[in-house]
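Q: Next come the chains, spelled out residue by residue.
Number of protein chains: 2
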Amino acid sequence: MSAKIPYKTYLPESRMPKAWLNLKAFMPEDHAPFLNAATGKPCSAAELEGVFCGECVRQELNSTDKEIEIPEGIRSFYANFRPSPLVRAYFLERELDTPAEIYYKFEGNNTSGSHKLNSAIAQAYYAKEQGLKCLTTETGAGQWGTALAMACAFYGLDLKVFMVKTSYEQKPYRREVMRTYGASVTPSPSDTTNAGRQLLSRFPGTGGSLGCAIAEAVEEATRTPGCRYVLGSVLDHVLLHQTVIGLESKAVLDMYGVMPDTVIGCMGGGSNFGGLIAPYMAEKLQGANNIDFIGVEPASCPSMSRGRYAYDFCDSAKITPLAKMYTLGCGFMPSPDHAGGLRYHGMSPVVSKLYHDGYMRVEAVKQTEVFAAAERFARCEGILPAPESAHAIKVAVDEALKCRESGRKKVILFGLTGTGYFDMAAYKCFNDGTLKDYIPDEADLARGFSFLPSVKEQ
Amino acid sequence: MSAKIPYKTYLPESRMPKAWLNLKAFMPEDHAPFLNAATGKPCSAAELEGVFCGECVRQELNSTDKEIEIPEGIRSFYANFRPSPLVRAYFLERELDTPAEIYYKFEGNNTSGSHKLNSAIAQAYYAKEQGLKCLTTETGAGQWGTALAMACAFYGLDLKVFMVKTSYEQKPYRREVMRTYGASVTPSPSDTTNAGRQLLSRFPGTGGSLGCAIAEAVEEATRTPGCRYVLGSVLDHVLLHQTVIGLESKAVLDMYGVMPDTVIGCMGGGSNFGGLIAPYMAEKLQGANNIDFIGVEPASCPSMSRGRYAYDFCDSAKITPLAKMYTLGCGFMPSPDHAGGLRYHGMSPVVSKLYHDGYMRVEAVKQTEVFAAAERFARCEGILPAPESAHAIKVAVDEALKCRESGRKKVILFGLTGTGYFDMAAYKCFNDGTLKDYIPDEADLARGFSFLPSVKEQ
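Going down the list, the protein sequences come from chains S and E. In terms of the working numbering, the first sequence has 204 at position 204, counting the first letter as 1, and numbering is strictly consecutive. In terms of the working numbering, the second sequence has 638 at position 180, counting the first letter as 1, and numbering is strictly consecutive.
Careful, some of the hints might be misleading.
To be verified - Partial list, computed: chain E residues near chain S (C-beta under 8 Å):
{"#": "1", "residue": "465"}
{"#": "2", "residue": "466"}
{"#": "3", "residue": "468"}
None of these hints come from the bench; they were simulated from the model. The structure displayed is predicted, hence computed values, not measured ones. We treat Cβ as the ideally placed atom computed from N, Cα and C, and that holds for glycine.
The following block holds chain S by itself, in its conformation from the complex (with noise of 0.2 Å):
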């Protein structure tokens, strides 16, 4: 039968979801709550609304609703650039000569460029229906970025962008498209907040990183009336926001009567891994399957490979709740030879949970790696995949070739996130035998450990 199924599969408008999954439904025991670093208490809904919209933090406190309904507000923009494909990958599967058989569910096929436009919609929705006027965010490479100034342009809400400065400098086009879409990006560390001056007099001249601009964003939001916060990733509202992707790719591999074997996806915050999962891990967790998870790390940020479980500030300003989760330390820097993407020092409590609990496993790997099975993706399927995305490719080609060697035909479904036309400055330096892989050694980790916080539970 599955010979017959097609290159690319768009989901039939009919069977597409119309409540996204939340997970934490089905997990076993809920996963250690938000803590208010200066009481040590678990954080109230009220303490979170003064940073995020009231709808996001209902959905980042409900554990026990199985679905939550996607509103029809957001499903009609969803039509915008959804259904997304879910892509047999004959192409590379001839290129590896595999009996595998590979699935991939592609976020690419949308301005931002990326998975990420799937939460910026919703927050974005959710805040106009709060009435407020503007938000505030971060964004590191600048997908995130993209996605909420398309938002914000979409609901008519002001936007102002904290870019990690090194991005902002190396991806000034990247900057243009979310100018064109109406929002102000300030280069992070900046001078416009406490935050910001604070970490530019420790370290002048620093690049930034993701932690310090999500601490400028946070005050910017909680100073500004009518204004508030959005993340991209890590908290449990964006990955039920993303689990429209595995609902979709389920949908779609159901029609087909296919059950993948293993499912992999690439891991900064977690987001698009827990949504893409989502679906099969529900079944996984009440007994109905044994599928092989698979989240794919830099070895040059191996959050979940080599960092505690721990609770942690989520930025390096230390002025955010704290979550528990795969940590390197709030104040860990990855190498700036680190072109790869997914810096972030933690990971999704979901996602972290679920590897705590050993539902899932990892794998951290070198960018050098990375690019080689991007470039190879790219000329059999011939998308362009972002080099976060190639993270999950490197590791579906060498599940491939495994079958290659053992004759098994497995099933793999894989997240490709989204698109690499912003960064060709990595590919470049691919192409010229100048990339660098950087592995973080044990002194590296104990200074990033060092900025962990002293919690009475850890």
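Please arrange chain E on chain S, whose structure you already have, making use of the hints.
A: Showing chain E alone in chain S's frame:
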């Protein structure tokens, strides 16, 4: 009925075109043939086959078969990125508050970022079938070069791209995409060809032109064994391959019982426009409709609205055969201020003939208005358009606004040929308010016309 049309429709696989439409077979009169510039006689197939692939030459000279089958080997690659979506622009309609129904066919959802891949893949396929080892081509903004690099990577052909030097320098990332797909990229004019060396000696420091890059690519192809030249627009066989755009569009609109009143496309060399209008124009030529076809060109390079219908070279070094077309003269150089693409001095002989015979009309628009329309479109429809494509948006918006005045519910279809990810430098000028309009004066035009060859017929 049209109220129920989805935002975005992908043609079902069962209805995908299996043949291109040969518009020439519907035209009451053939356009004038290519002439050998030395003899003044029509070019023989054998002469053309020294430059182009054999099958492309057969298609070029075929004005009798109404349909030409799309080989299975091409259709399987088309599956990689086709069908492209036909979008009902509900958000743009709302933004414009117009009673018009606006549809667009979006060709940008592939890594080349444009419709160019439709012909690239066909020409690479035929080259491979013929046993050729390498291809050469020119590229300006880089969309065509990228498309052909993808196609050559897929079929295992070597590719040498001559890239207009100004673009080569302004768009290093576009160049890098081609390299990632394995192509070699040379800035034009280069010192590797006679054509390049001649231009460099006459105009040291010149930024080059498409005409010169064509001359270099043709020279390289004709002196290299097992190598041919491929062109990304203008020629009849390229237009033929682009008819897949119009065929898919019409098939979707027919499914919904929608008949356009106006069909709008941007025009550089004319192949996307010709491909978009083909099935509707074939009907018009048979008296079956009276659609208003509007080709849109930049006011800075007005080959149709201010050019001459005359025999001219396709390149600036005057080594190609002569084509009868609307042209500004093969030595016409658009202003370097012109950022919006569509810089070619001539126009498809098929489109030129249709225009000359009164079956369509042309509008020339200023680039500042084009970018304003692009930004307005991006903010409501989400897609960031290529400046080239935004020429069509500009006129579609104008037409829809006229409907708001008149109250008429026109049905407007336009071609959205690609995305603007690699055009952010131009968007930046627009956002900064530094983008200028350039309109050639009579002296500029006269200078261009002075390059026209003397041919008995004209």
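Q: Take the hints in turn and mark each one as holding or not.
A: For each hint, the structure was consulted:
no.	hint	verdict
1	465	holds (4 Å)
2	466	holds (6 Å)
3	468	holds (5 Å)
The structure fails none of the hints (numbered hints given earlier).
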